[in-house]
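Go by the hints and put chain B onto chain A.
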Amino acid sequence: MESNPRLKFFKYALYAVVAVILARLFQIQILQKETWVAKAEAQHTLENTIKAKRGEIFMMDGEEPVAVVMNEKVYTVIVDPMTAEEEEIREVLYNDNVVKFTTFEIEDVFSDRTRRYFVAAKNVPRELAKKIQEVEPKGVYLQETTKRVYPEGTMAARLLGFVNVDGEGQYGVEAAMDEELKGKDGLLKTVADINHVALSIGNANVKIAAEDGKDVVLTVDRNIQAGVEKILAQKMAEFGKDQASALVMDPRNGEVLAMANLPSYDPADYGNVEGAEVYVNRVTSDPYEPASVCKGFTFATAIELGAITPETVFYNKGYEIVDGWTIKNSTWDRADLLGPTSIQNAFNWSLNTGSMFALRKLGGDETAINEKGRKILYDYYVNHFGLGKLTGIELFESKGLINDPVEGDGRDSLYANMTFGQNLLVTMIQVASGYSAMINGGEYYRPYIVKGYMENGKLVPVEHEGAAWRAVSENTSATMREMLWGTRSLMRTSGVDPVGYYIGGKTGTAQVIRNGAYSMDEWVATYIGFGGAEGQMPEYLVMVRIWKDGETTGAEQYAQPVFNEISNFLIDYLKIKPGA
Amino acid sequence: MRKHRGDRIIVGMMMVLLIAGLIIIYAIGPMRANFLNAAYDQDTISENHFFVRQLVNVIISIGAFVAAFKFPYEKMRKFSKWILLLGIVLSAGLWILAKAGSSIAKCELGACRWINLGSFGSLQPAEFLKLGLLLYLSQLAASRKAEGKLSKSDFWLPAGVASVISLALVVVVQQDMGTGVVLIAIILSTILASGVPLKQFILVVAAILVAGVGAIVVAPHRLKRVETFLNGEEADSYHIENAMIAIGTGGMFGVGVGNSVQATGYLPESINDSVFAVMGETFGFVGLAAVVMIFVVLLMRILRVAGLARDTEQQLVATGVFAWIAVQMAVNVMAMTGLIPLTGITLPLLSYGGTSMMFIAIALGLTFQLSCFTRREKEISNIKFSNSHLKRGRLKEGAARRNFKGGRGLKKEALS
Chain A
0 MESNPRLKFF
10 KYALYAVVAV
20 ILARLFQIQI
30 LQKETWVAKA
40 EAQHTLENTI
50 KAKRGEIFMM
60 DGEEPVAVVM
70 NEKVYTVIVD
80 PMTAEEEEIR
90 EVLYNDNVVK
100 FTTFEIEDVF
110 SDRTRRYFVA
120 AKNVPRELAK
130 KIQEVEPKGV
140 YLQETTKRVY
150 PEGTMAARLL
160 GFVNVDGEGQ
170 YGVEAAMDEE
180 LKGKDGLLKT
190 VADINHVALS
200 IGNANVKIAA
210 EDGKDVVLTV
220 DRNIQAGVEK
230 ILAQKMAEFG
240 KDQASALVMD
250 PRNGEVLAMA
260 NLPSYDPADY
270 GNVEGAEVYV
280 NRVTSDPYEP
290 ASVCKGFTFA
300 TAIELGAITP
310 ETVFYNKGYE
320 IVDGWTIKNS
330 TWDRADLLGP
340 TSIQNAFNWS
350 LNTGSMFALR
360 KLGGDETAIN
370 EKGRKILYDY
380 YVNHFGLGKL
390 TGIELFESKG
400 LINDPVEGDG
410 RDSLYANMTF
420 GQNLLVTMIQ
430 VASGYSAMIN
440 GGEYYRPYIV
450 KGYMENGKLV
460 PVEHEGAAWR
470 AVSENTSATM
480 REMLWGTRSL
490 MRTSGVDPVG
500 YYIGGKTGTA
510 QVIRNGAYSM
520 DEWVATYIGF
530 GGAEGQMPEY
540 LVMVRIWKDG
550 ETTGAEQYAQ
560 PVFNEISNFL
570 IDYLKIKPGA
Chain B
0 MRKHRGDRII
10 VGMMMVLLIA
20 GLIIIYAIGP
30 MRANFLNAAY
40 DQDTISENHF
50 FVRQLVNVII
60 SIGAFVAAFK
70 FPYEKMRKFS
80 KWILLLGIVL
90 SAGLWILAKA
100 GSSIAKCELG
110 ACRWINLGSF
120 GSLQPAEFLK
130 LGLLLYLSQL
140 AASRKAEGKL
150 SKSDFWLPAG
160 VASVISLALV
170 VVVQQDMGTG
180 VVLIAIILST
190 ILASGVPLKQ
200 FILVVAAILV
210 AGVGAIVVAP
220 HRLKRVETFL
230 NGEEADSYHI
240 ENAMIAIGTG
250 GMFGVGVGNS
260 VQATGYLPES
270 INDSVFAVMG
280 ETFGFVGLAA
290 VVMIFVVLLM
300 RILRVAGLAR
310 DTEQQLVATG
320 VFAWIAVQMA
330 VNVMAMTGLI
340 PLTGITLPLL
350 SYGGTSMMFI
360 AIALGLTFQL
370 SCFTRREKEI
380 SNIKFSNSHL
390 KRGRLKEGAA
400 RRNFKGGRGL
410 KKEALS
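Protein chains in written order, with numbering that gives the first Met the number 0: chain A, 0 to 579; chain B, 0 to 415.
Incorrect hints may have been included.
DSSO-like cross-link-like pairs, simulated, lysine-lysine; straight-line CA separation at most 27 Å [stated by the list, open to error]:
#1 B:LYS198 <-> A:LYS10
#2 B:LYS198 <-> A:LYS7
#3 B:LYS77 <-> B:LYS148
Simulated from the structure, these hints should not be mistaken for laboratory data.
Since the structure is predicted, the reported quantities are computational estimates derived from the model, not experimental observations.
Just chain A, with the same shape it has in the complex (with noise of 0.2 Å):
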């Protein structure tokens, strides 16, 4: 038979396309194989994050920490509807117990079947997960996350504040220490099939382990915080007032036992509110004129620098003219307490006279006000006392104002109205911790909050600086407490203050300012006292802010049974034994 010429056409015709292929491999296997390589990568690696978990909140309970604010393991639900049964989900997850979390109709889950991932229930408890789990339903896939849970419900909310749904603290101390909380987030990088499930091929898998964050401990005494909270709401009610605060320290070494601010809401569902007012905690954050509290300061000042004594003399005539305004003792229509009285009487009247008198003696002119005096306010406001500035609390906190007493207009009447706590705005912790180191010996200590972190189920405690800086004098602390003793003859008397125990504190009724001017028909009332053993120093300083907005609401008549209620709480609860 014949050789068949054609079938070289084959021969060659493979050659030819044989060649065009290694070619085509030679430039997709080595020229571009770096780009293929990096569209692999993209495609295959899968990040996902290691959730650190979110430090819990304690409080104290005496003295063992108790949580607060906790964390608690709740599963999403996701449904793939393709594989799904219809009448199986009906049973395990639209049942009378699981319904509740459901976050659609199951009609809505299987209209599209060719949804692969529908998240069907979200926060299901974990008693619950676990029974889903066990049925083993096809198609069902259950995703652990974390939720905040508050044991003490409203309690504190507005000092602890609440976690958003990224996972972000917001207000309080959910937010202030929002970096210690949180911790830090671990990284699991990994090769993965396309259902996203880790691979072991390669070795470009990487795995930082997450910080968990860290357990803060507060110095808050949950069992103050609630007694605390308990007596704002009963007077709040009794008076008819819709808005409280009250501070409760140590003002031997600036400790918070409590930070209450009423009404509160519940961190669980905190977009239930009517706006975001109620998240704020005014204890720290809201600057206000606390008004004849101040005077404490303005005294105590003028005693240190031996302008006058509690005994000084000076001519009450009811008011004063400074820069051409009249300022009014708020007492002016009593005839009786005019003519010559004491700086301890002007205490306990709340007589503005007395403390613009001292403000003059301060400058050396007992006829007017002048800048040295004024300078020296200023100073020991700020740099003695500390207000108008940050405390260093641990706290998102207020700077407040106060006013420069060189610069500007009517600085005499500016700082005429200081004297008394009008025209300045500060805060309750910034009153609260000057007042402790006007009365516990002349140091003042910076206030804090944190006891320490949970290490290992142990309190591990954290430093804090002793005295920042000394105030005032011993002497003049000492004096400053029997003034502030002074004022409240009359609770001992009535029997509010019980015998054997030194009980001291001022009262302060703001005007508040309404269309850039003083009203008279809406006050703040502000009660600040210290109390402790006889013979003792004082164990505790609290703080009390009391009103509702378009109504007068004097100090005396609320602010000060608020405190009394706190104070004898507060001797009933530290079991301070009276003195001899």
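Just chain B now, kept in the frame of chain A:
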């Protein structure tokens, strides 16, 4: 002519490819099983499922190879018509069953290409068409050639009818462009090698091209598909992109057996149509070049059988087998490397699947049998030699044969 030892390189290359295929299926079968189980939230497919079934496929295919080798071609050729007819009947029957909505017809995306055999798997009738048409056309062409009627309608009419019916069933009814291309390759290779006048052959090619272009222009979806391919934005771009990612990441030496990531679900059809890409990822350029070269060696041996065939019919059969395997390999590989549009065709002997593998094995078994009856090598070198003389000197074949003993000397003489 007496029987002699067959071309064992054909067997060897086939075995190498079958084993390479088994290794790949062993490595990626569990990934495929896992992917399918995850997709349908089940665990019915075991890890070894695909490997075990492929092993069975390989054993069946080796059996088919042996049977095709042992069953004498002289007897087999009498069934050619019937194999072709069976292919046509099965394809037509499949179409009717599909229209009737029977579950025996297995369809995917509207294309019904398989007959469901229950637990035995499925059968692709188009494979009968390939083998049947190959045998039938070879026989027809050889006998018409002997009668001197190759260029007449005595050849063209039955060849044309058989080809058009087969192509219509595959391309139009089953919408299987890949198999259609292989069928065309078998038809054209047989016709070309049979020695029809080149003018007629070119006319046939032109007719197929016109029909092809016509089919594309008539159907908007095909036109669109060609357009998008030319624009580099094919409908199957995800598939091709991922095939090329697999091949590209393989680099020079590959990522190694069991380390393919693309096979974990990114690459569609990883165990069947895309197995070449997975091999590229696993074994790299070196591996793929080796696979391609193994095919080249196998194909060149098949072509050698054709060249040495003892008669025209056997030559055409071997040429058809060559074209079948070569085009199926080339279309698969070129689709995986983005050179031509994706057609959905298996890689001979390597892809997962029984029917395709078994029929290729039958074709190879037949070729191996034919290799036992080829003329001897030195005989052919002489013929080659004499051929050149035939052209130049118009010497009769007999004269060249007589001069065989002094062949080399004669060559020198003739050249000088």
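Comparing the hints with the structure gives:
no. : hint                 : in the structure
1   : B:LYS198 <-> A:LYS10 : holds (21 Å)
2   : B:LYS198 <-> A:LYS7  : holds (18 Å)
3   : B:LYS77 <-> B:LYS148 : holds (21 Å)
Every hint from the earlier list agrees with this structure, and none is contradicted.
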